[in-house]
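Enquirer: Dock chain to chain to rebuild the complex, using the hints, since each chain is given by itself in its own frame.
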Amino acid sequence: GENVEQHPSTLSVQEGDSAVIKCTYSDSAPNYFPWYKQELGKRPQLIIDIRSNVGEKKDQRIAVTLNKTAKHFSLHITETQPEDSAVYFCAASREVTGGGNKLTFGTGTQLKVEL
Amino acid sequence: DAGITQSPRYKITETGRQVTLMCHQTWSHSYMFWYRQDLGHGLRLIYYSAAADITDKGEVPDGYVVSRSKTENFPLTLESATRSQTSVYFCASSVNRDYEQYFGPGTRLTVT
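So the sequence lines, in the order shown, correspond to chains L and H.
This note's numbering numbers the first residue of the first sequence as 28 and each following residue consecutively.
This note's numbering numbers the first residue of the second sequence as 128 and each following residue consecutively.
Bound conformation, chain H alone (with noise of 0.2 angstroms):
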């Protein structure tokens, strides 16, 4: 479970504000994915990775934006962060498609 990490864990910041999220994983898995998970809702996918530089949407992507330039980081960011993005984020990976996806730890995000 140490493979995937996120960062940082307790996150508040206001409306409007950008904000990063990070996640980072040493197993070298191809797949990454960003959740979402809400009282009601489950986990919802945001946008995920087959490999660097291919990123598509998931069933919630507006107001968020990812990259990935290096296999082992998947960065989320919230350009104008509103209200109805308070949520518990989290990142996950898995070695191929298909597969067991390993989570990361969360980040609680609030906004205010």
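With the rest of the complex left out, here is chain L (with noise of 0.2 angstroms):
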């Protein structure tokens, strides 16, 4: 089965720096790559996804990039804030048979944006 390994654990930065976790994963064809943020007691909130014919994406602070030869992609936010502090999953999705697809989670970074 699919595994996907996140980096840092934990992440501290000062405000308005940046911040980036990177994830691998060791499966062949992953199709689809979200990246869900977890504020403490809350439920997990997409925040950005890529598909695998797509090598990049931003959305405004964030953005993604895939890098399917090294079977890696990363999150990346800019000028980061107080709120961007929680804790971030990336994930790998891929078909199975009978349909529908299944997500494998990274293990989680802890992020924390300084003052």
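What the hints contain is simulated information worked out from the structure, not anything from laboratory work.
Honestly, I wouldn't trust all of these hints.
[Said to hold, decoys possible] Calculated from the model, a selection of chain L residues having no Cβ within reach of chain H, i.e. all distances over 10 angstroms: (1) Ala56; (2) Arg88; (3) Glu141.
[What the hints assert, rightly or not] Just some of the chain H residues that point at chain L, by a computed CB distance under 10 angstroms: (4) Phe217; (5) Asp225; (6) Phe230; (7) Gly231.
[To be verified] Non-contacting residues of chain L with respect to chain H, defined by C-beta distances greater than 10 angstroms in every case (computed): (8) His34; (9) Pro35; (10) Asp44; (11) Ala46; (12) Val47; (13) Gln87; (14) Lys95; (15) Ala97; (16) His99; (17) Pro109; (18) Lys139; (19) Leu142.
For each residue, glycine too, the CB sits at the ideal point set by N, CA and C.
Expert: Below, the structure is given as structure tokens:
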């Protein structure tokens, strides 16, 4: 099955700096790579996603890059703000027999933005 | 977000008891999922369903049973709860495969 490794497990940055979270996958052909943000005590919420036919996607201060050759994808947050403090999860999805997709999540990165 | 709900939000039960966690969505999404979240493991898929009456195992299905007789409901049953099943359980739904999954608020389950 799919295995997704996520690094770092914790990340502390100063407000205004950039933050980068990296994930690698082991399966040969995931086709969908979402990123979720989870604030303390809340549910995970999608912040950005990318499909396997796209190398990069940007939405305001966040961007995701995908390198299929190296089997890794990354989340970039620029101009970080205190409200960006949360746990971020990467995930990789692949189609399964009978239809549907299975998401395998990374173990999460606790991002702390310090004033 | 009010479109997907879970009940109960908190549950304490004893080892060996049967427990059912409920999940209800109002969007008529085809796909529904159950995850458990534990420190150091992220979110792990227990079971998923592509449509009513179609379910399949995820990464950690042992000790759990699911059913989906109606599109909007996807209950998760722990047949005989064990302490290792103490966790936060999230239900999620999506309109189609490889689309955004919307998560419910979660159920915090403690097995004593």
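Enquirer: Work down the list of hints and note, for each, if the structure agrees.
Expert: The hints, checked one at a time:
1. Ala56: Fine: 12 angstroms to the nearest Cβ keeps L/Ala56 off the interface.
2. Arg88: holds, 19 angstroms
3. Glu141: holds, 23 angstroms
4. Phe217: holds, 7 angstroms
5. Asp225: Hint holds; H/Asp225 Cβ to chain L Cβ min 4 angstroms, cut 10 angstroms.
6. Phe230: For H/Phe230, the interface hint holds, since the closest Cβ of chain L sits about 4 angstroms away, which is under 10 angstroms.
7. Gly231: With a closest approach of 6 angstroms, the H/Gly231 hint holds.
8. His34: Check passes; 13 angstroms lies beyond 10 angstroms.
9. Pro35: L/Pro35 clear of chain H: closest Cβ-Cβ about 14 angstroms, beyond 10 angstroms.
10. Asp44: Non-interface label stands for L/Asp44: nearest chain H Cβ at 25 angstroms, farther than 10 angstroms.
11. Ala46: holds, 18 angstroms
12. Val47: Non-interface label stands for L/Val47: nearest chain H Cβ at 19 angstroms, farther than 10 angstroms.
13. Gln87: holds, 17 angstroms
14. Lys95: Consistent with the label, L/Lys95 stays out of reach of chain H, its closest Cβ about 16 angstroms off (over 10 angstroms).
15. Ala97: holds, 22 angstroms
16. His99: Answer for L/His99: holds, closest chain H Cβ roughly 17 angstroms.
17. Pro109: holds, 23 angstroms
18. Lys139: For L/Lys139, whose nearest Cβ neighbour in chain H is about 17 angstroms away, the distance exceeds 10 angstroms, so it holds.
19. Leu142: holds, 27 angstroms
Every hint, counting from the list given before, is met by this structure.
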